[in-house]
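Visitor: Chain by chain, the residues:
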Amino acid sequence: MKKIKNVKKESTSKKTNQDTKIIPPKKKKRFEIFIYNIWCKQCGICVSFCPNEVLGFDENQKLTALNPDACIGCGQCELRCPDYAIEIKEKEEE
Amino acid sequence: MKKIKNVKKESTSKKTNQDTKIIPPKKKKRFEIFIYNIWCKQCGICVSFCPNEVLGFDENQKLTALNPDACIGCGQCELRCPDYAIEIKEKEEE
Amino acid sequence: MAAKTIKNQEEAKPVLIQGNQAIAEGAIAAGCRFFAGYPITPATEIAEAMATELPKIGGTFIQMEDEIASMGAITGASLAGVKSMTATSGPGFSLKQEAIGFACMAEVPTVVVNVMRAGPSTGIATAPSQSDVMQARWGTHGDHPIIVLAVANVEECFRYTITAFNFSEKYRTPVIILSDEIVSHTREVFTIPNKSEYTVFNRVKPKMPPEWYKPYEDNSSGVPPMSPFGEGYRYHVTGLTHDAYGFPTSKPNEVISFNERIFRKINRAKQNIQIVKEYMMDDADISIIVYGSITRSAISAARMAREIGIKVGVLQLVTLFPFPGKEVIEVLRKSKFTFVPEMNFGQIAGEVDRVNKNYTTLKKVNRYDGNVITPTEILNAIRRS
Amino acid sequence: MAAKTIKNQEEAKPVLIQGNQAIAEGAIAAGCRFFAGYPITPATEIAEAMATELPKIGGTFIQMEDEIASMGAITGASLAGVKSMTATSGPGFSLKQEAIGFACMAEVPTVVVNVMRAGPSTGIATAPSQSDVMQARWGTHGDHPIIVLAVANVEECFRYTITAFNFSEKYRTPVIILSDEIVSHTREVFTIPNKSEYTVFNRVKPKMPPEWYKPYEDNSSGVPPMSPFGEGYRYHVTGLTHDAYGFPTSKPNEVISFNERIFRKINRAKQNIQIVKEYMMDDADISIIVYGSITRSAISAARMAREIGIKVGVLQLVTLFPFPGKEVIEVLRKSKFTFVPEMNFGQIAGEVDRVNKNYTTLKKVNRYDGNVITPTEILNAIRRS
Amino acid sequence: MRYEIRLSGFGGQGLILAGVLLAEAVGIYGGKKAVQTQSYGPEARGGKSKAEVVISDEEIDYPKAIHLDLLLAMSQDACDSYYIDLKKEGILLVDSFYVKDFPTTNTIKIPFTKIAEEVTGLKITANVVALGAICYFCNNLVSLSSMKKALSNRIPASKQEINFKALEEGYNAAKNYKQ
Amino acid sequence: MRYEIRLSGFGGQGLILAGVLLAEAVGIYGGKKAVQTQSYGPEARGGKSKAEVVISDEEIDYPKAIHLDLLLAMSQDACDSYYIDLKKEGILLVDSFYVKDFPTTNTIKIPFTKIAEEVTGLKITANVVALGAICYFCNNLVSLSSMKKALSNRIPASKQEINFKALEEGYNAAKNYKQ
Amino acid sequence: MMKANVLKHSTHIVHEYLRHSKKFPHMWCPGCGHGIVLSAIVRAIHALEYKKDEVVMVSGIGCSSRMPVYLDFNTLHSLHGRALTFATGIKLANSKLKVIVVSGDGDALAIGGNHFIHAARRNIDITMVIMNNSIYGMTGGQYSPATPKNSYATTAPYSHIEQPFKISELAITAGAGFVARGTTYHAAMLTNLIQKAFENSGFSVVEVLTQCHTQFGKLNKRGDHIAMLKKYKENGVRIEKAEKMTEKEMEGKFSIGVLRDEKLPNFVEQYETIRQNAAKKV
Amino acid sequence: MMKANVLKHSTHIVHEYLRHSKKFPHMWCPGCGHGIVLSAIVRAIHALEYKKDEVVMVSGIGCSSRMPVYLDFNTLHSLHGRALTFATGIKLANSKLKVIVVSGDGDALAIGGNHFIHAARRNIDITMVIMNNSIYGMTGGQYSPATPKNSYATTAPYSHIEQPFKISELAITAGAGFVARGTTYHAAMLTNLIQKAFENSGFSVVEVLTQCHTQFGKLNKRGDHIAMLKKYKENGVRIEKAEKMTEKEMEGKFSIGVLRDEKLPNFVEQYETIRQNAAKKV
Ligand SMILES: Cc1ncc(C[n+]2csc(CCOP(=O)(O)OP(=O)(O)O)c2C)c(N)n1
Ligand SMILES: Cc1ncc(C[n+]2csc(CCOP(=O)(O)OP(=O)(O)O)c2C)c(N)n1
Ligand code: SF4
Ligand code: SF4
Ligand code: SF4
Ligand code: SF4
Ligand code: SF4
Ligand code: SF4
Ligand SMILES: [Mg+2]
Ligand SMILES: [Mg+2]
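Quick note, the sequences are listed as chains X, A, F, G, B, C, E and Z, same order. Note that the working numbering has the first sequence beginning at 48, numbered continuously upward. Note that the working numbering has the second sequence beginning at 48, numbered continuously upward. Note that the working numbering has the third sequence beginning at -1, numbered continuously upward. Note that the working numbering has the fourth sequence beginning at -1, numbered continuously upward. Note that the working numbering has the fifth sequence beginning at 73, numbered continuously upward. Note that the working numbering has the sixth sequence beginning at 73, numbered continuously upward. Note that the working numbering has the seventh sequence beginning at 2, numbered continuously upward. Note that the working numbering has the eighth sequence beginning at 2, numbered continuously upward.
Heads up, a few of these hints could be off.
What the hints assert, rightly or not - Only pairs whose alpha carbons sit at most 16 Å apart, straight line, appear in this in silico EDC-like list of lysine to aspartate or glutamate:
#1 E/Lys23 - F/Glu229
#2 E/Lys53 - F/Glu229
#3 X/Lys75 - X/Glu137
Since the hints were derived computationally from the structure, they do not count as laboratory data. As the structure is a computational prediction, the values presented were derived from the model and not from experiment.
All chains should be modelled from the sequences, with the hints used to inform the complete structure.
Guide: The following block contains the structure:
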């Protein structure tokens, strides 16, 4: 089980998904997004239900964090990923 | 299927069974009681639930109409006889 | 791709058709108008084809809650006068055994298809096998005969499904059709024959007045006429051992005569029931006895052997039970070696062995890894001998 | 009269006990602590005895919703480490076939008793028969070996139920005990042996660290050690064809090695498994090959024959499968005639016939009217020959 | 020496229990071999019922009765059906409370059910009364005392006394029986 | 003459349909014998998928492919697994959109999926594009016109046009192919 | 509507429907409730004026399942638990037949429980009479899925620990359009309930509480069949009345009468539509 | 009580429970809901701090039933429809084990329907998660007992005419002490429902609506797995709210949450009493 740390981190912040209430982090936390591409089946569930449109596919149909900085660490992607192929970790204080 | 016409007809009238409402026949009808002893298993159900205690067993454990005249033709015995061994017929006008 | 290729039987146009679809077509051609089943790989396409086709022609398809229920339903439908079929694979076939025994006992014509897959148990659902052969003969409790046919290609799927219905109607018995994953899923070009090209047999109904009818009365054929429910011949059907009226009995003479009759009705018709096919047997001194999809490999192998100068012939058993012992013995007698290739550990080989009273040397060629036996494998076995 | 005669096993007092109760006693003696069943004549008393006895000694009895559920439950209980049994008769035995096949595939020790009654189908529930013999061997789909024992009297009911458990534990396989209405309902005086008089075998558990454990790994015996669920060896059990880890596979080499191993583990232990008993065979020139309750008639018949100067011997097959061909052949070789009396149309006779390569003249003595074969019938058959 | 006994009548008369008691008296307390069988069946729903006991000094191979040495018939139906299985010199013992037609003049007629009702007040002890009679007729096979042992093993202490009484009355009735 | 073709890739690429079409084109509209088989299995849940067509002038006994004359591989996985079954002189035809490692330098690489997307806008027509290429390489076995007949028998009229286009593009791509 | 006279000449009517080729009395124990159920069924059929030829009676295995052999209909004594599966085939093969399944609590709900809930779900036009005697009568007194908790059975010698099914309620939840409960004491009412069950097109269930004194009664000291019938009389409360009673008042009692009567589309009529749609696609 | 963090580090937790000896990704189609159910189960078990060694997961046959092979528990992939029977034996043989059955709508309710209602009636301490995708996924799209009326399936090419079971309601009527319904969209809630199911001692059922876009979705034009998840989101109404809504308001919607949670005496604890009583009689 190779954990592939996703490197693409374009920080275009997008409007939040209306369906989900977002509590703005009291203290701005930052999150790292790990995608295990060997396991990921590109189903797009995490993409669809991410409240902040953090995720998307690249031109090779690979899942990518398009807006990693927008991630609020809500864990919705992990909860619904049918293939346990995405993981969110709070960033260590730099 | 031999139909044995029961001949015992002692006419001791008894008090009516309290559990069952008896509508006294408007015009006094009389009934004949046929017991098919070859089929009868002497279970006693007809005896127990006859509203007028018409039926009983003789000394040989054979089912008998002890009080044939008390029969009101309600048909309860026929309805519950598990062996279809008793039949009530209205008597022809004599 | 299920229903697309199933054509109305009037047009005689070639179609590319799967074994499973050909079984459905054969059933419909034989007059089957009721199908009850439960999905299972690799038999499901039969149900799917029947679900599509039967309502078009006034028939009925129902998916039951399990295989037992399916067997019960087809038996009921047949009692009500409608030719009926179910189809399954090993696990479902195991479940049906009690109800198959009932149909044998009550003498209800039904056709049961078992598309064999690799076992034991759940095994490999998508791999072919021939390991339910002995089960088809002995899967039920109690002693009774049964008719088992094995099909080898699309054309046989069609043809012998009709035969299965005919036997079931003629002898008032369930008939088992054994197919396998290869036969059932292989698509071949096939032209559905015209009605004039096959015969359909319908059960004999009673002609006497109802008061005279004894639904289980013996006669010269051993097969009493059968009245569908609802046509004035009210009678009793039971899985208990019964007398000529169908009423339960335990009187030894009645029990014996019932049990002997159900054997006799099959045994006396053996001639008619036991279907075998010979290929290149005339001058053969080595024989292959084979059935089902492996027949194709055997014929290829025989051809290949003859190319290198070995005179090999093939005896294909279409009827597995009642076991065509006479025909097999004839072949054994003229063979130096007889090969029995099977996708199991040697089930029909055991039957051949029983009748082989030192006539020839028997050699088994077995495969049980979920793959079909190739012509080369058989050829190599022959060359080694 | 069910539970009354079942005594605590410490006291060695003679009791009048039915075959069915002796089976229950034997099971308990063998360490059986779980029974799941569904009532059926003539096997019900086994369940009733277990319902009474098991809770007394910390075991569990459960009446399930049907026979399939019973077979599932005992397989589950055995996986959790508890020796388990179920008991039924023909109709229930037919229903269990799929689940028996699962236990063979997953190699779960279980004991299944079939008290045979007259079939086919519902037949005569209260009459004896021996017509499920071939079903015991071939009732499941897929190819696998199985161990089948047949008991003849109360003492054997007790003794061979222990043997059945021992075989099941030793070879990780279901073992079928065939009894019949006569054996099961006949009461005889029997003294339940002391624990020191029989041996009880318990399955071998793994000793290696869990990381090393492969639940289906081959070894010299072909029987991998078995860990109960919950003891630290977490593994996977499936009815799919599986690899050494128990994981589904369709890789031909893994499939082959699994299938061959389950045959090998039984075949290599044949010597141990095949139990036969000889009576008066030493100087016999006529033999009777027999099993189950008819053994008693056969022995009587042999005695009667010797009284009139005919040297008859008896070979009783306790183990029906794996079929003790070697022992049978030995007897066939020295017999002018061999008789195979059975309460069916000749099922074991067919197996004897297979191995009889012109050694002797085989004669069947069959009865299928719901009555037992008497000594006189066998004697008469012998005298006619 | 093989001795075959059949106890027959209708369902509910306790004939199977009687068979078990007889087999236990002989086999456990009497020092001989005994094997007991019975017929089950829908008959059990009020129809015929029968139990058999085969007694021998040696091992008993065949457990079913073939030629009866003693037939106990406690119903007319049973008497009619099973008389044919009786040996020529066999004993036919009937409950004359129920059996009115006798197939042979040698029939031993004792009204077991009547005796039962008289001495215990319970018709259903007729089976034990009959066992008493059998103890008399087969005294070389089964003694009253081993039958009592069998009874006390099976029957709750509270009911022992009336059963012993029934047994003894049966024995006495047989002893005093005059054709 | 026996000619064996295997169409392989992953589930969802329509390879079984392609196999059926090829067999129909050959066997119904092309005047030769054709037998089509396929592999089912849990593989169908997104994994490998394959269909085989065996073509011959005579009756075909053995219906499975043994030594492939032509292998179509539309995924890397399929290419890797099945290449071994290819005859020495057999044709390896890959969808270069998915297959990037080639087991032999003789590989014929055509980006079927890319072509499909370009000409029909639908990746799932890649199977038909590949069939077009096969019509070219096996023109002695199957003609474009019989393939078109097969297509029009199976495919709703509304989709016929784009499928014909896909087919032709595949044929042309093969024709214009240069190693 | 019930013919006025079916409650009046019951024996005469029943005799008309018995098989004269069968030996009577039947095999049931003296006083067994199954015989009473038989006559209620016959009266209902007589009232409906069904022809004997169009009636098919199907059963499984059990004492209750012995019923068909005695009746002059088309009769099928099938396998333990499977009566509904055979009946389904019969009904679908010839929808003009009136198909009635008679079953015991064990037959219908132990081994046959799955077919029961599926027949209800499918709403196939079959009338089913379940003779619930809370026990396996035929095999000699083992517990059934209807055996009340804390009862005794030969397989529950220390008392029974499982809850019983609420049979009628289960039928309703599973989808049956008509569900009623009666008893053998209420023999006249039972006739009526069975008639209504036939009249409802769809899967119709009548649960009948019936005495097995031989097994259940004896093992549980419930007295003889008469004592058991008296209990039915005492504790059976008409549903109209029961609905107005509190849970406490209903303790130890049970409701009788029609529990559900709704016309739902049945399988056969819907399949006819399927046939028409399919025929268009030829 | 749920450990606070199980909803937060789901992937990490799930990976801890996967079998490293198995090849991933698993065999389910991309986007199949069964994978989501797996993670909800793992989170619940993790929250309960069960040891892997004490958990036994049993399944039948179907796509859903492939779950056990991936998880590092004691796992049993049994026969189609029979998981509960095996689980019953396991639980009774060693009552300390935590036994969970995972099943599909076909496995649990078609062939397995009888074991389902009997396990509920018996109230045996097993937790059962039913993945209801309204179809037979594994065999390629035949109708199941949960397929809604008027849908399409490969065996209902002209539309389906049978009513579906109300699975949760059936479980309640059959006697289950704990019954809940969830969806794969409501993944956090699902974790909680499963945890509660484990906590209830007795037969506990969680019905999960889960998407099979490959078969059911495709045959019924329901769009892809994402569209199906969105429908769950739209139409799933928490039971607390649903109870206050009118039937009309609930049209096309369904309630989710805990439908029943009662402590009923379970089989194992009652059998212990039987053992004590029996031991006295030795
Ligand atoms: C497959 C199968 N299993 C078991 C039996 C044995 N058996 C016959 S009837 C019966 C139970 C009958 O109970 P019920 O249906 O309640 O009928 P009752 O006798 O109480 O009327 C059983 C278990 C059988 N005949 N077939
Ligand atoms: C006895 C038996 N019958 C039929 C099958 C074939 N079969 C395998 S899975 C399945 C249905 C699965 O449906 P479901 O339980 O809903 O699971 P899903 O695949 O939808 O998750 C069937 C019918 C089988 N394996 N065994
Ligand atoms: S945790 Fe996942 S779902 Fe939540 S915002 Fe981050 S990427 Fe999106
Ligand atoms: S939900 Fe999981 S499998 Fe699907 S795209 Fe996202 S990471 Fe990949
Ligand atoms: S009809 Fe019957 S029940 Fe009524 S009074 Fe007369 S005898 Fe009594
Ligand atoms: S109810 Fe019938 S069987 Fe019973 S005693 Fe009366 S007539 Fe006889
Ligand atoms: S045992 Fe019970 S159910 Fe059977 S006939 Fe007797 S009373 Fe009726
Ligand atoms: S077929 Fe359906 S249930 Fe099966 S894995 Fe695919 S989406 Fe899931
Ligand atoms: Mg009952
Ligand atoms: Mg499903």
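Visitor: Each hint should be assessed against the structure and marked as holding or not.
Guide: For each hint, the structure was consulted:
Between the alpha carbons of E/Lys23 and F/Glu229 the distance comes to roughly 21 Å, so the proposed pair goes past 16 Å and is violated. Note on E/Lys53 and F/Glu229: the hinted pairing holds, with a Cα-Cα distance of about 10 Å set against a maximum of 16 Å. For a cut-off of 16 Å, the pair hint linking X/Lys75 to X/Glu137 stands: about 11 Å separates their Cα positions.
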